[in-house]
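Number of protein chains: 2
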Amino acid sequence: MLLDGIRGIVGEKETEDDCSVLDIGDRLLVMTTDMLHETTDFPKGMTDYEIGWMAAAVTLSDIASMAASPADLLMAVGLDDPARLPGITRGADACCRSVDARLAGGDIDRHDELTIVSTAIGFVDHEKILRRSGAQPGDLVCVTGMPGSAEAGLGGDLRYWKNLITPVPRVLEGKAFSEGGASAMMDISDGIALSLADLGRVSKVGFSLDPSLFPLIPDLPIERATDLFLFGGGDFELIATVPPDRFPVAGVDATVIGVVTEDTAILSGGSPLPHRGYLHRWE
Amino acid sequence: MLLDGIRGIVGEKETEDDCSVLDIGDRLLVMTTDMLHETTDFPKGMTDYEIGWMAAAVTLSDIASMAASPADLLMAVGLDDPARLPGITRGADACCRSVDARLAGGDIDRHDELTIVSTAIGFVDHEKILRRSGAQPGDLVCVTGMPGSAEAGLGGDLRYWKNLITPVPRVLEGKAFSEGGASAMMDISDGIALSLADLGRVSKVGFSLDPSLFPLIPDLPIERATDLFLFGGGDFELIATVPPDRFPVAGVDATVIGVVTEDTAILSGGSPLPHRGYLHRWE
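In order, the protein sequence lines correspond to chains W and D.
Position one of the first sequence corresponds to residue 1 (my numbering), numbered consecutively onward.
Position one of the second sequence corresponds to residue 1001 (my numbering), numbered consecutively onward.
A hint or two may mislead.
[Unchecked claim] Now the stretches of chain W that chain D is said to cover, found in silico as 3 or more residues with beta-carbon under 8 angstroms:
#1 22–33
#2 74–83
#3 112–121
[To be verified] DMTMM-like mimics (lysine to aspartate or glutamate), calculated; alpha carbons at most 25 angstroms apart, straight line:
#4 D:K1044 x W:D109
#5 D:K1128 x W:D23
#6 W:K128 x D:D1026
#7 W:K128 x D:D1023
#8 W:K128 x W:D48
#9 W:K175 x D:D1023
#10 W:K44 x D:E1113
#11 D:K1204 x D:E1223
#12 W:K44 x D:D1125
#13 W:K128 x W:D41
#14 D:K1204 x D:D1026
#15 D:K1044 x W:D112
#16 W:K204 x W:D245
#17 D:K1128 x W:D112
#18 W:K162 x W:E223
#19 W:K44 x D:D1080
#20 D:K1044 x W:D80
#21 D:K1044 x W:D23
#22 W:K44 x D:D1112
#23 D:K1175 x W:D23
#24 D:K1128 x D:D1080
The hints are simulated quantities; they were obtained by calculation from the structure and are not laboratory data.
Just so we're clear, the structure is a prediction, and the values are computed from it rather than from any experiment.
Heads up, the beta-carbon is just placed ideally off N, CA and C, and yes, glycines get one too.
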């Protein structure tokens, strides 16, 4: 676990959530950065516009996952070909505008391999922030969208290609979860299984999922659809825990897939959930 | 000029300064990002600690150049070898601490070539920010430190190796220039000639430099020392314009090297200054 090696330097609490958090007095400022590069992060067939969109979306999704409103985004682009910059910039700008954020600047460099780092900030009131900590036994586990779609798109299912390449950051849903009393939240970009492992570790709880509740991709064998749902990566949907008396949450089309448990195991249909998913980082 | 191609998307004003600027009510938030990679930005012989320090310093210098106080810094690291991460992180953390900033998190990725993007935010009062615009004819042109040192260090002058690899962001000096009434400011990481060209373009002024005033590196032929001073890159010093009646500026050990002129030419000893320096970007 590479991250463990630097937790002692950066701080345990600082590496716990999708964003860093800074108290600026009247509000909290959240901030996050993500590095993407061509060979591992951008599926073949994407246009430069879509690459720019995706590079912005991954950080805006982190902002959304803390129930914050994104503000500014900077993009550092290491270009293998300068002709790609306008398309990438237009895509990033469009993604920012879709959530009322601003592409505020960046840096340009040459690189053998197209490499994009987007960094975004957002703001949230002290009492409105949602973190990975805070999930309580008995809370409902809720997800937005249809997790697994992006991985299906990557696998060639053209119905879900757009989910993969131009994900829409769930900013409105993140804020609605907070307004509606959710206890903890994160995004599921690495897949539900890995996300729940992170959420459970930080909240010191476990989960019991009910596969009959999963919003599965239609027209697939159920084993395949369930596998995509639990372990597929690249969906920038949200997973939140919500006290039962606060569900449904106004403004979010969310599906309950299980409950938070005191026991720290993660079960699906009563069986332990394997710890695997979309791990594109050294961790 | 690649940057011209995206100015229409990001905005002319947004690409004018070292940082983006966001009005957050009681203060301004400034934000900047820089991509560095091994083959072009880190001189051979640097330790991982020094690489981490430098990666943080380049963005903190941009914050300093707007007279802001740095707050948080995030670092995205694309690693060719995971064993390098702790050293890089310790160096970045130390640089942040040296200016009362916080290394608040980041992202880790694999990369064929070590690639680091640091992104920093800072805060400054509305009336205290300094920009590239604002220089007035008659103002004095002032620089901190001994520009050319970093390039001399790169060329093998061991006296200045430290200037090259562990530059100290001029945060205190930046704030002192603002308190002292400077009219415009930027850092000189691309060299004085290119920096003055940027400053002059945005402020719509020119400069007349007096070579007899240059704080040159000692014990070098004067032509070589002057060349390093004007065109050497990698120094994270500040250049500021100061009304004559506000000089000297308390808290800054600055050297006057010329004056701001209404004519937009840039002259040194009466001759036009060539437009060259440390251009490591596609512009």
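Problem set entry | Pair hint outcome, W:K175 versus D:D1023 [Cα-Cα no greater than 25 angstroms] | Roughly 22 angstroms separates the two Cα atoms, so the pair holds.
Problem set entry | Coverage of the region 22–33 of chain W by chain D (three or more Cβ within 8 angstroms) | Three-residue rule met by the region 22–33 of chain W, so holds; n is 8.
Problem set entry | Agreement of W:K128 and W:D41 with the hint, judged by alpha carbon distance not exceeding 25 angstroms | Judged against 25 angstroms, a Cα distance of about 32 angstroms means the pair is violated.
Exercise. Is the hinted pair D:K1044 and W:D23 satisfied, with a Cα-Cα distance of at most 25 angstroms?
Worked result: Roughly 39 angstroms separates the two Cα atoms, so the pair is violated.
For this session: Starting from D:K1175, check that the Cα of W:D23 is at most 25 angstroms away, please.
Result: 22 angstroms, holds
Exercise. Given the hinted pair W:K44 and D:D1112, is their alpha-carbon gap at most 25 angstroms?
Worked result: 19 angstroms, holds
Exercise. Given the hinted pair W:K44 and D:E1113, is their alpha-carbon gap at most 25 angstroms?
Worked result: 21 angstroms, holds
Problem set entry | 25 angstroms limit on alpha-carbon distance, applied to hinted pair W:K128 and W:D48 | It is violated: about 36 angstroms lies between the C-alpha atoms, which goes past 25 angstroms.
Exercise. Does W:K128 pair with D:D1023 here, judged by a C-alpha cut-off of 25 angstroms?
Worked result: 22 angstroms, holds
Exercise. Between D:K1044 and W:D80, is the straight-line Cα distance small enough, at 25 angstroms or below?
Worked result: 23 angstroms, holds
Exercise. Has the given pair, D:K1204 with D:E1223, been kept, meaning a C-alpha gap of at most 25 angstroms?
Worked result: 30 angstroms, violated
Exercise. Hey, W:K44 versus D:D1125, does the alpha-carbon distance stay inside 25 angstroms?
Worked result: Status violated; Cα separation ~46 angstroms.
Checked against the numbered hints given earlier, this structure breaks hints 8, 11, 12, 13, 14, 17, 21 and 24; the rest are met.
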